[in-house]
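Those sequence lines, one after another, are chains A and B.
Note that this note's numbering has the first sequence beginning at 1, numbered continuously upward.
Note that this note's numbering has the second sequence beginning at 1, numbered continuously upward.
Among the hints, erroneous ones may be present.
Quick look at which bits of chain A chain B covers, simulated, 3 or more residues with Cβ under 8 Å [claimed, not checked]:
1. 121-132
2. 418-426
Across the chosen pairs, the derived CB separations fall in these ranges [said to hold, decoys possible]:
3. A:W496 x B:W54: 18 to 28 Å
4. A:F564 x B:R499: 54 to 64 Å
5. B:I317 x A:I183: 34 to 44 Å
6. B:W129 x A:I91: 55 to 65 Å
7. B:H418 x A:I91: 20 to 30 Å
8. A:I183 x B:H418: 35 to 45 Å
9. B:R385 x A:G390: 33 to 43 Å
10. B:R499 x A:I175: 33 to 43 Å
11. B:C158 x A:T530: 31 to 41 Å
12. B:I98 x A:I175: 38 to 48 Å
13. B:V118 x A:V109: 36 to 46 Å
14. A:A321 x B:V135: 58 to 68 Å
15. B:L313 x A:I183: 36 to 46 Å
16. A:V354 x B:I91: 30 to 40 Å
With a Cα cut of at most 25 Å, we get these calculated PhoX-like pairs of lysine-lysine [as the list claims (entries may be wrong)]:
17. B:K108 x B:K292
18. A:K163 x A:K287
19. A:K443 x B:K292
20. A:K192 x B:K163
21. B:K192 x B:K287
22. B:K287 x B:K502
23. A:K287 x A:K108
24. A:K287 x A:K443
25. A:K443 x B:K192
26. B:K192 x B:K121
27. A:K287 x B:K108
28. A:K443 x B:K443
29. A:K262 x A:K192
30. B:K108 x B:K121
31. A:K341 x A:K121
32. A:K121 x A:K262
33. B:K163 x B:K292
34. B:K163 x A:K287
35. A:K292 x A:K192
36. B:K443 x B:K497
37. A:K292 x B:K443
Think of the hints as simulated: they come from the structure by calculation, not from any bench.
Where is the CB? At the ideal position from N, CA and C, for every residue including glycine.
2 protein chains.
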Amino acid sequence: MAPQKASGSYSCSSNMSTKADLEAIENQISTIQISSHGEMPARGFKPVEKGRNWGWLLSGFISLNALLLGIAIVSGSVFNKVQITSSHLLIFLILLVILSTVWMVYYKVHTSRVYRAVLYKDSHAGPVWLRSGLVLFGICSVIMDIFKIIFYVGRMNCESPIKIAFPVVQAVFVIVQTYVLWIHAKDCVQIKQNITRCGLMLTLSTNLMVWMMAVTEESLHQTVAPVKPPTNNNNSYNDTLDGRAAASECECLHNMCDLFEKAYYYLYPFNIEYSLFASAMTYVMWKNVGRKMDDHHSHKLHFSLWDVLVGPLAGLIVLVAGLATFVVYEVDVSKDDPKKKEEALIMHYIMNIVAVLLMSSSALAGCILFRMDKREQVSGKNPTRSLDVGLLVGASLGQFLICYFTIVAVLSSGVQGHTNGLNLACAMLTVIELCIQNAFLIKGLHREPFKETDVATVFANVMAVKERDLERRSSSIVPAHTLPIPLTLLQGRMSWKRRILKEICAFLLLCNVTLWIIPAFGARPQFDNTVGPDIYEFQTWAAVVNIGMPFGIFYRMHSVASLFEVCLAA
Amino acid sequence: MAPQKASGSYSCSSNMSTKADLEAIENQISTIQISSHGEMPARGFKPVEKGRNWGWLLSGFISLNALLLGIAIVSGSVFNKVQITSSHLLIFLILLVILSTVWMVYYKVHTSRVYRAVLYKDSHAGPVWLRSGLVLFGICSVIMDIFKIIFYVGRMNCESPIKIAFPVVQAVFVIVQTYVLWIHAKDCVQIKQNITRCGLMLTLSTNLMVWMMAVTEESLHQTVAPVKPPTNNNNSYNDTLDGRAAASECECLHNMCDLFEKAYYYLYPFNIEYSLFASAMTYVMWKNVGRKMDDHHSHKLHFSLWDVLVGPLAGLIVLVAGLATFVVYEVDVSKDDPKKKEEALIMHYIMNIVAVLLMSSSALAGCILFRMDKREQVSGKNPTRSLDVGLLVGASLGQFLICYFTIVAVLSSGVQGHTNGLNLACAMLTVIELCIQNAFLIKGLHREPFKETDVATVFANVMAVKERDLERRSSSIVPAHTLPIPLTLLQGRMSWKRRILKEICAFLLLCNVTLWIIPAFGARPQFDNTVGPDIYEFQTWAAVVNIGMPFGIFYRMHSVASLFEVCLAA
């Protein structure tokens, strides 16, 4: 009887461990069910879907309708001479802006008063670079609004009061929005989800409409201001959006109108960037409504500058060279001497070609390292990371677009002269660089952070658990420690790969900063070189550059942040 | 000791059942891991990601670059007078088309020769309506190409031979592609995934480029042909894309050029639709590369016409009325009498308003029924269904765009006369109808099919399994049958709701057929009514209508198919 009893008690102890395993697995299943909220693939598991509910649909339709109506009004105000004036567009925008502001105030008040309004925070959402950028560009936008108000107050006797009302309302909107997004960007709202979804989509539409209007105004301004003198034919554009045609007839009350007008046009690009940043953050918040996050294991990965040396040094050289050429370029281009201008362009292109070549080759090396290193990829469904990748690729489209338009323009103009040849080479190399860098970043963001690989393996491998279990059952003895060998032991072997990866990331990071600074602070070789406006009409070219460039700037900033993340996880 | 032993043996038998449960759950987990292929949400489970591999990235970049280069060339050929001619664009297209054709032939040969090349089929992909549409529009496209060849052969002495080469190559491409997509639309390719991904993306880009060129040509043709007489200023457009300006100087060799030219322009819309259909199917195939499907439980849901009566009858009345007004409209509009034209427009708008009002109210009733009926939603991650919904909403954007442009145009023109008032009402009601119908279809497609609810519950409810298990452990007796009561018993109570839903679906289906036929066979009230071209410039308006309309037609066809599916599952 004793062996039987013993066997019985053994199997009972095995039973206990099996029970524990069963519960652990069941817990894992319920975790999956909760965290996937409606995106489970398997037949058999059918949790009630939360994602596609009525609020989701309604908010989508609100945004869609507001945007399409906005597009129609903007198109009308651009192409029509008389019937659709800028006032109509401004009234529509004021309406949107006020509604969004009211909603944001309501949201702020409501969430701070209701207990458990926000149970979870998405640690990936609203990273610090995005929020800092938002504040920076927000300040510039408010200054722009103030300049606009002063300008239009000076012309009060001949302009519609709507023109003063809009910057006032916009300034309030920018301040409220920056405050709300700074504090609440990470929220996963749990109460009144439908209203929150609709409100967020309204805010998103407002930001996109403001972006659209700013881009249009900027393009029209460039079209009429520097290239074509105001002829009869062009008056329509002035009338429509800006009332600039009336400038000659309308007297300024305080004699500073010209100054403020110039000043606020310099600040337009910042307002465009602000709208893009706010849109991205609002979209993430909308995605996170109703999401239940497991409080995320924030990687406490340290970053030491002394780990890497060659990358940052090379990057610094590129940065300094970039800044130097940028300053020289800006000085030379502003002169009227066409020879100086061409020299400045040639210098700018050479600088860019060198930077982009170096970046391509180092990103390529990084990709090859990723391919050699068979580390597992994180494949958990993570909305923020998906969005990150989407925004990255989406923002790069702007730069792609400009490059391809340049390539076609230069090729069709016959590639005459050094400037054009360099312009062509620069555009082609940039295309290649964008492809490789995107691939590098997407791969890098999907990799498992290095330090956690060992821990992860323990939970990850269900088959191992099963095998362990079978082993236990057959041997009837519970081994003290059947965990896989921690991979940290293998750390030494991998370190040269990791080090090179870190060097590459640091180098690319500084290069991207360089390529961010140059256009962000006003270099526009696309307009200084005449090949674009010659081949396409000026307005088309201005539209392409004005839509593509802010996305390009956003892309470089986003790349810097992503590279930093990849560097930490490498 | 006996009780102890008994307890031990009991717990051992419980252990056995627990073991079985454990294995069942583990099987479920591995099913999830296989079928989710890289989209698992939970921390802990980290299968190696298959989705975002290098082939995926490379194919994406190929498509992106081809499309952006194409956009640049098309823009150049539209705006530039001399440097970028239609020949450049055609050479680019011929290259793309030949590459895609070669790849498709390779794919066909390779998959038919290699054993296990296609292990799985996606039963949702390439539904019969899509494939039939593809064949229908494919035939029209080939006829268009033949007409084009005859036309350009007649003008061989003064046109570039590229103009003949392109339709020849395109005809071959259309034939090969229609054949390949007809047979392989459901494939989930398992071998040479990277090459297949790249090939599919190349084909997708080719189709989108052909679509883009067709839309541009159609818009330019409408701009120069019916409205403006060819002045010096417009010659550039003719030169650029079509060589039509040379028509007066160039003599036709067989005297039938005019006839064939007119004929092939009538067939353009079919070619545009063909490209959209082929793009949608190629995209689904690309999504399905490497996907491992559990062979899907195809619903054997029968459809009997006698289940429903009121809906189909009312729908038939709308259909007949629609066809009648369509014929009268086409006859009246072609006359030069402006009074007749206005009457035709008024009739058309009234017909549309009535149809759209009825559709909105019935779709709204359907939505309310969905809200009352608490049936569970299917929430499995299903790429085909997500794509279905995406295509539906995306295609509806075309119609939305036209509606909003119309609304803004009519409002800004001051809503003078009956025609404008009706036009405005029609556009506004169509917007509402689109929103409600989209909501109805999205909700409907996400619902669990009725008949299977009972079976699904058994697998779905992990908590029930757990509870059952706990119950067993505590009572130590395995109950013979703890399954939930099959919901079929409740069928009688729900049948009135289901019947009304089926009636609604049948009615909406026939109404959508009506709204599909009218634009598909040539009614263009957008051009017969002058308010659009008056407010926007003609070219902008033509672009909006020519981009929006094919999507609108696609939307109506897609709605018909989705409504049929919702009707079956109701």
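Here is what the structure says about each hint:
For the region 121-132 of chain A, the stated coverage by chain B is violated: 0 residues have a C-beta nearer than 8 Å to a C-beta of that chain, whereas at least 3 were required. With 0 residues bearing a CB less than 8 Å from a CB of chain B, the region 418-426 of chain A misses the requirement of three and the coverage assertion fails. W496 of chain A and W54 of chain B have their C-beta atoms about 23 Å apart, which keeps the hinted 18 to 28 Å range intact. A hinted range of 54 to 64 Å for the beta carbons of F564 of chain A and R499 of chain B is consistent with their spacing of about 60 Å.
Between I317 of chain B and I183 of chain A the CB atoms are about 58 Å apart, so this pair departs from the stated range of 34 to 44 Å. For the pair W129 of chain B and I91 of chain A, the beta carbons lie near 44 Å from each other, so the given range of 55 to 65 Å is not met. H418 of chain B and I91 of chain A have their C-beta atoms about 28 Å apart, which keeps the hinted 20 to 30 Å range intact. Between I183 of chain A and H418 of chain B the beta carbon distance is about 54 Å. The supplied range of 35 to 45 Å is therefore violated.
For the hinted restraint 33 to 43 Å between R385 of chain B and G390 of chain A, the CB-CB distance of approximately 20 Å leaves it violated. Restraint check, R499 of chain B to I175 of chain A: a C-beta distance of roughly 56 Å breaks the suggested window 33 to 43 Å. With their beta carbons about 33 Å apart, C158 of chain B and T530 of chain A fall inside the hinted range of 31 to 41 Å. Distance hint check for I98 of chain B and I175 of chain A: the Cβ-Cβ separation is about 57 Å, which falls outside the suggested range of 38 to 48 Å.
Separation of V118 of chain B from V109 of chain A is about 58 Å and departs from the stated range, judged on CB atoms against 36 to 46 Å. At roughly 60 Å, the beta carbons of A321 of chain A and V135 of chain B sit within the given window of 58 to 68 Å. Judged by the Cβ atoms, the range 36 to 46 Å given for L313 of chain B and I183 of chain A is violated: they are separated by roughly 58 Å. Checking the proposed 30 to 40 Å range against V354 of chain A and I91 of chain B shows it holds: the Cβ atoms sit about 33 Å from each other.
A C-alpha spacing of about 20 Å is found between K108 of chain B and K292 of chain B, which places the hinted pair at or below 25 Å, so the restraint holds. Taken as a hint, the K163 of chain A and K287 of chain A pair is broken in the structure, with Cα atoms around 35 Å apart against an allowance of 25 Å. For a cut-off of 25 Å, the pair hint linking K443 of chain A to K292 of chain B stands: about 23 Å separates their Cα positions. Note on K192 of chain A and K163 of chain B: the hinted pairing is violated, with a Cα-Cα distance of about 60 Å set against a maximum of 25 Å.
As the CA atoms of K192 of chain B and K287 of chain B are separated by approximately 15 Å, the hinted pair is consistent with the 25 Å bound. Simply put, K287 of chain B and K502 of chain B have alpha-carbon atoms about 32 Å apart, too far for the 25 Å limit, and the pair is violated. This hinted pair checks out: K287 of chain A and K108 of chain A have alpha carbons roughly 18 Å apart, not beyond 25 Å. In summary, the hint linking K287 of chain A to K443 of chain A is supported, as the alpha carbons are separated by about 23 Å, within the 25 Å threshold.
A threshold of 25 Å between alpha carbons decides the hint, and for K443 of chain A with K192 of chain B the separation of about 21 Å falls inside it, so the pair holds. A threshold of 25 Å between alpha carbons decides the hint, and for K192 of chain B with K121 of chain B the separation of about 17 Å falls inside it, so the pair holds. Between the alpha carbons of K287 of chain A and K108 of chain B the distance comes to roughly 41 Å, so the proposed pair goes past 25 Å and is violated. With a C-alpha separation of about 35 Å, the suggested pair K443 of chain A and K443 of chain B falls outside the 25 Å cut-off, and the hint is violated.
Distance check on the hinted pair: K262 of chain A and K192 of chain A sit about 45 Å apart at the alpha-carbon level, beyond 25 Å; violated. A distance of roughly 16 Å separates the Cα atoms of K108 of chain B and K121 of chain B; the hinted pair therefore holds under the 25 Å criterion. For the given pair, K341 of chain A sits about 52 Å from K121 of chain A by alpha-carbon distance, which is inconsistent with the 25 Å threshold. Distance restraint check for K121 of chain A and K262 of chain A: the Cα-Cα separation of roughly 43 Å exceeds the 25 Å cut-off, and the hinted pair is therefore not satisfied.
For the hint pairing K163 of chain B with K292 of chain B, the CA-to-CA distance comes to about 44 Å; that exceeds 25 Å, so the pair is violated. With a C-alpha separation of about 49 Å, the suggested pairing of K163 of chain B with K287 of chain A is violated against the 25 Å cut-off. Restraint check for K292 of chain A and K192 of chain A: satisfied, since their Cα atoms lie roughly 15 Å apart, inside the 25 Å limit. Between the alpha carbons of K443 of chain B and K497 of chain B the distance comes to roughly 15 Å, so the proposed pair stays at or under 25 Å and holds.
At most 25 Å may separate the alpha-carbon atoms for a hinted pair to count; K292 of chain A and K443 of chain B meet this at roughly 23 Å.
The structure does not agree with the numbered hints 1, 2, 5, 6, 8, 9, 10, 12, 13, 15, 18, 20, 22, 27, 28, 29, 31, 32, 33 and 34 stated previously, though it agrees with the rest.
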